[in-house]
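*Asks:* These are the residues of each chain, in order.
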Amino acid sequence: AQTVTQSQPEMSVQEAETVTLSCTYDTSESDYYLFWYKQPPSRQMILVIRQEAYKQQNATENRFSVNFQKAAKSFSLKISDSQLGDAAMYFCAYRASGNTPLVFGKGTRLSVIA
Amino acid sequence: EAQVTQNPRYLITVTGKKLTVTCSQNMNHEYMSWYRQDPGLGLRQIYYSMNVEVTDKGDVPEGYKVSRKEKRNFPLILESPSPNQTSLYFCASSIRPSTDTQYFGPGTRLTVL
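Top line first, the protein sequences correspond to chains A and B. Counted from 1, the first sequence has number 67 at position 67 by the working numbering; the numbering is strictly sequential. Counted from 1, the second sequence has number 63 at position 63 by the working numbering; the numbering is strictly sequential.
Honestly, the hints are just simulated from the structure, not real lab data. Keep in mind that a hint or two might mislead.
Unchecked claim - Take a look, some chain A residues computed to stay more than 12 Å from chain B by CB distance:
{"id": "1", "residue": "28"}
{"id": "2", "residue": "65"}
{"id": "3", "residue": "74"}
{"id": "4", "residue": "83"}
As the list claims (entries may be wrong) - For the chain B half of the interface with chain A, some residues (derived, Cβ under 8 Å), not all of them:
{"id": "5", "residue": "42"}
{"id": "6", "residue": "43"}
{"id": "7", "residue": "50"}
{"id": "8", "residue": "88"}
{"id": "9", "residue": "102"}
{"id": "10", "residue": "106"}
{"id": "11", "residue": "107"}
A virtual CB, placed ideally from N, CA and C, is assigned to each residue, including glycine.
Extracted from the complex, chain B is given alone in its bound form:
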């Protein structure tokens, strides 16, 4: 089954404790992206990747890191999480960035205390 998976689905952590949210897709998509969703703000792009070893900042990259060592994986790293990073996070992928539909993962609910 073609899909985008994220882990964990739920995470409660404390300020400053490094964490990684994994994202994997099995569709051989070149383009992958991370969004955060906050009430009243919709979805905002954090980082995106056009292909392996190519990553770029989105609209709200501060406090986040990503890597793209393999085509299928695009982890989101929070080196020192803060409460303002409490949010719902989505990973998405598509064949090409602009012309194709993005397939979204199920979301990760992160709470930083």
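This is chain A alone, in the form it adopts within the complex:
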């Protein structure tokens, strides 16, 4: 079964600095999708960024970017110019193609220090 591991239960970053959240996954599939979701105190799940495994180029969304290393099965999230509003729980998630469930990691709680 596929698993997603987030090895950092908690992280902190100074406002305006850069932070990287780690995620590794285990799969034997070649075609799959990876996601980072943000869960602020409101508890809503918000999609931050998405990566298709067949694309070599790393996805970028404004201040958020990923470092996708397919061979290493690694999918880290980099947040640049951190803002107070970035404080949240961040979940890494994996889904293979076809009729398969979305598998989540256990999350990393990010604190942003003013």
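Could you slot chain B onto chain A? The hints should help.
*Replies:* Okay, now just chain B, sitting in the frame of chain A:
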């Protein structure tokens, strides 16, 4: 506004009293899913539905039922709730199950006493 709605947002109930958490999406999505979120465990899938009248078990289906009679609605039913079902529940939908982003509802905090 495209959205997934859940009701109720908060519910406190007692063991054994049947309850239903509703989920509705207005995006004409075929795929809908229910997750539960527990501290230290992340989100785990309970049930999912590929389309109307098609439902399948996820990772933790025990104690739950679902139905998909209409495309937009996917209620979660707890026939006889127990304290171990105290959790935060999310409904989600997407156009297709694997390639598309899932849109999550706001969550339902359920407490079973």
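*Asks:* Are the hints correct? Go through all of them and say.
*Replies:* Against the structure, the hints come out as follows:
no., hint, in the structure
1, 28, "holds (16 Å)"
2, 65, "holds (17 Å)"
3, 74, "holds (18 Å)"
4, 83, "holds (22 Å)"
5, 42, "holds (4 Å)"
6, 43, "holds (4 Å)"
7, 50, "holds (7 Å)"
8, 88, "holds (7 Å)"
9, 102, "holds (6 Å)"
10, 106, "holds (5 Å)"
11, 107, "holds (5 Å)"
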